[in-house]
Amino acid sequence: MELSGLELLLQSMPQLVKGFIQTLLIAFYSIILSTIGGILFGALQTIGLLWLNLLTRFYLELFRSIPILVWLFFVYFGLPLFFNVHLSSFTCAVLVLSLWGITEIGEVARGAFQSIARGQRDAGRSIGLSTIQLYQYILFPQALRRMIPPSINVYTRIIKTTSLTVLIGVTEVVKAGQQIIERTGEAVMIYGSLFVFYFLLCYPLSVLSRKLEKRMT
Amino acid sequence: MTHTAASKPILKLMNVGKSFHKQVVLKNIHLTVQRGEVTVILGPSGCGKSTLLRCLNGLELIDEGSIRFNELELTPKGRQWQAVRERIGMVFQSYHLFPHMKVIDNILLGPLKVQKRSKAEALAQAEELLERIGLLDKRDSYPRELSGGQQQRIAIVRALCMNPEVMLFDEVTAALDPEMVKEVLEVMLQLAREGMTMIIVTHEMGFARAVADRIVFMDKGSIIEQGNPKSFFSEPQTDRAKRFLQQFYEIETWKGRDVI
Ligand SMILES: Nc1ncnc2c1ncn2[C@@H]1O[C@H](COP(=O)(O)OP(=O)(O)OP(=O)(O)O)[C@@H](O)[C@H]1O
Ligand SMILES: [Mg+2]
Numbered sequence: 351m352e353l354s355g356l357e358l359l360l361q362s363m364p365q366l367v368k369g370f371i372q373t374l375l376i377a378f379y380s381i382i383l384s385t386i387g388g389i390l391f392g393a394l395q396t397i398g399l400l401w402l403n404l405l406t407r408f409y410l411e412l413f414r415s416i417p418i419l420v421w422l423f424f425v426y427f428g429l430p431l432f433f434n435v436h437l438s439s440f441t442c443a444v445l446v447l448s449l450w451g452i453t454e455i456g457e458v459a460r461g462a463f464q465s466i467a468r469g470q471r472d473a474g475r476s477i478g479l480s481t482i483q484l485y486q487y488i489l490f491p492q493a494l495r496r497m498i499p500p501s502i503n504v505y506t507r508i509i510k511t512t513s514l515t516v517l518i519g520v521t522e523v524v525k526a527g528q529q530i531i532e533r534t535g536e537a538v539m540i541y542g543s544l545f546v547f548y549f550l551l552c553y554p555l556s557v558l559s560r561k562l563e564k565r566m567t
Numbered sequence: 108m109t110h111t112a113a114s115k116p117i118l119k120l121m122n123v124g125k126s127f128h129k130q131v132v133l134k135n136i137h138l139t140v141q142r143g144e145v146t147v148i149l150g151p152s153g154c155g156k157s158t159l160l161r162c163l164n165g166l167e168l169i170d171e172g173s174i175r176f177n178e179l180e181l182t183p184k185g186r187q188w189q190a191v192r193e194r195i196g197m198v199f200q201s202y203h204l205f206p207h208m209k210v211i212d213n214i215l216l217g218p219l220k221v222q223k224r225s226k227a228e229a230l231a232q233a234e235e236l237l238e239r240i241g242l243l244d245k246r247d248s249y250p251r252e253l254s255g256g257q258q259q260r261i262a263i264v265r266a267l268c269m270n271p272e273v274m275l276f277d278e279v280t281a282a283l284d285p286e287m288v289k290e291v292l293e294v295m296l297q298l299a300r301e302g303m304t305m306i307i308v309t310h311e312m313g314f315a316r317a318v319a320d321r322i323v324f325m326d327k328g329s330i331i332e333q334g335n336p337k338s339f340f341s342e343p344q345t346d347r348a349k350r351f352l353q354q355f356y357e358i359e360t361w362k363g364r365d366v367i
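Protein sequences, first through last, are from chains R and Z. Going by the working numbering, the first sequence opens with residue 351, and the numbers climb by one from there. Going by the working numbering, the second sequence opens with residue 108, and the numbers climb by one from there.
Rather than coming from a laboratory, the hints here were simulated on the basis of the structure. Each statement offered as a hint is correct.
Computed list of lysine to aspartate or glutamate pairs in DMTMM-like fashion (alpha-carbon distance at most 20 Å, straight line):
id : chain 1 : residue 1 : chain 2 : residue 2
1  : Z       : Lys119    : Z       : Glu171
2  : Z       : Lys220    : R       : Asp472
3  : Z       : Lys209    : R       : Asp472
4  : Z       : Lys184    : R       : Asp472
From chain Z, some residues computed to sit far from chain R (all C-beta separations above 10 Å):
id : residue
5  : Leu181
6  : Ile331
7  : Glu357
Cβ atoms here follow ideal geometry from the backbone N, Cα and C, with glycine treated the same way.
Take these sequences, add in the hints, and give me the full structure.
Rendered as structure tokens:
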């Protein structure tokens, strides 16, 4: 007996859900690491030390000029080959997405730090704050508000980019969908559910980001 | 203010020079400030007054000469400026209060995080200082809720609560509406009476004359004249200072008021 589309979807649900969860986990870890790393990365760029500027610039250019996909391949296939370092495809995915996310959130953070009036630094320094204290008590709390809307946009891009990790064999949601399609030949329903999944995840975020941005100006 | 001539200077600048890119902004600055003395720096716009003040607490680093603060040589690179800044307070033209903190937290940040003083003791001092400038009821307000004059007086208290030995004031009334200038100047006059060592950059000539023990006149990055306020205002030695003062007298007379 032929399964109806709905029945097929119900039957494949457990496998799809596993894929969803995998996608969500990769995105979650990458977003956390990107945020922490990115804020630090942005701060380092605004301290004003030449060697730090050169170093961060170099790191930034690595991710600007080399596609994420190539990074994924490099880390997944290249590291074992050249350095005998073996990482699971999941770890590779989180690693690459985070390293890339750090540059993206880093740019957001740098812009936010630089948008704070110069006098705030002077005032903070003139009461004897160290550089770390200056960032901790004065600059970061003021930059944070300005960082939130553009950071949410970066998060949606990270979520969408998780779909690339299918190419290094992560069984995230796209891979799970493909497996089901291979088994059952039912493409429309499965691709449709992927479509809905990404949309439901990213659309509210992009609305939120726009709302917050509006409220701030 | 009178002081014994024999006392050791609190600040001594010798041959200080400073350039931004190739532009010379300060050159050959010799200046000695005694404890308790009020020094007012006058000079045309762009002559380096702000830069000179900023060099005293390391917001800018000098390229030449030396600055001695008590027994400390401030010149060497890598000097721990944090420790020096605790002892040299600074107030800016645009107040620069921290907008995300309440008034009281603005004032307590330095005492608690830099000086690691006890909360109770620092709080008591902060409240006493607020009381003295009549703003104790604003302790839980945010800076944006205050007028410019109130913000500037809070900024003065923020610096004072560190118990500095020297206070630097960089045109602290220049951004204020005229009716608020007085309330800020009064706080500064009171401080001067209490014996605080102060270095003040201002364009308020009447105030300069009233508060100063000594006037330092700068032009194009150099000190070209120093003296007590009485002789400086009545018989300036250099043509440049004469012309500078003349401008102020002219404006005063435009307003139809008496010359200071
Ligand atoms: N960070 C900087 N980088 C480059 N040039 C600077 C910098 N700060 C000041 N200058 C230059 O140094 C000169 C002196 O500036 P400074 O602010 O010390 O003058 P000022 O006497 O305080 O003037 P004003 O009365 O307008 O405040 C000016 O020509 C200014 O353009
Ligand atoms: Mg100035």
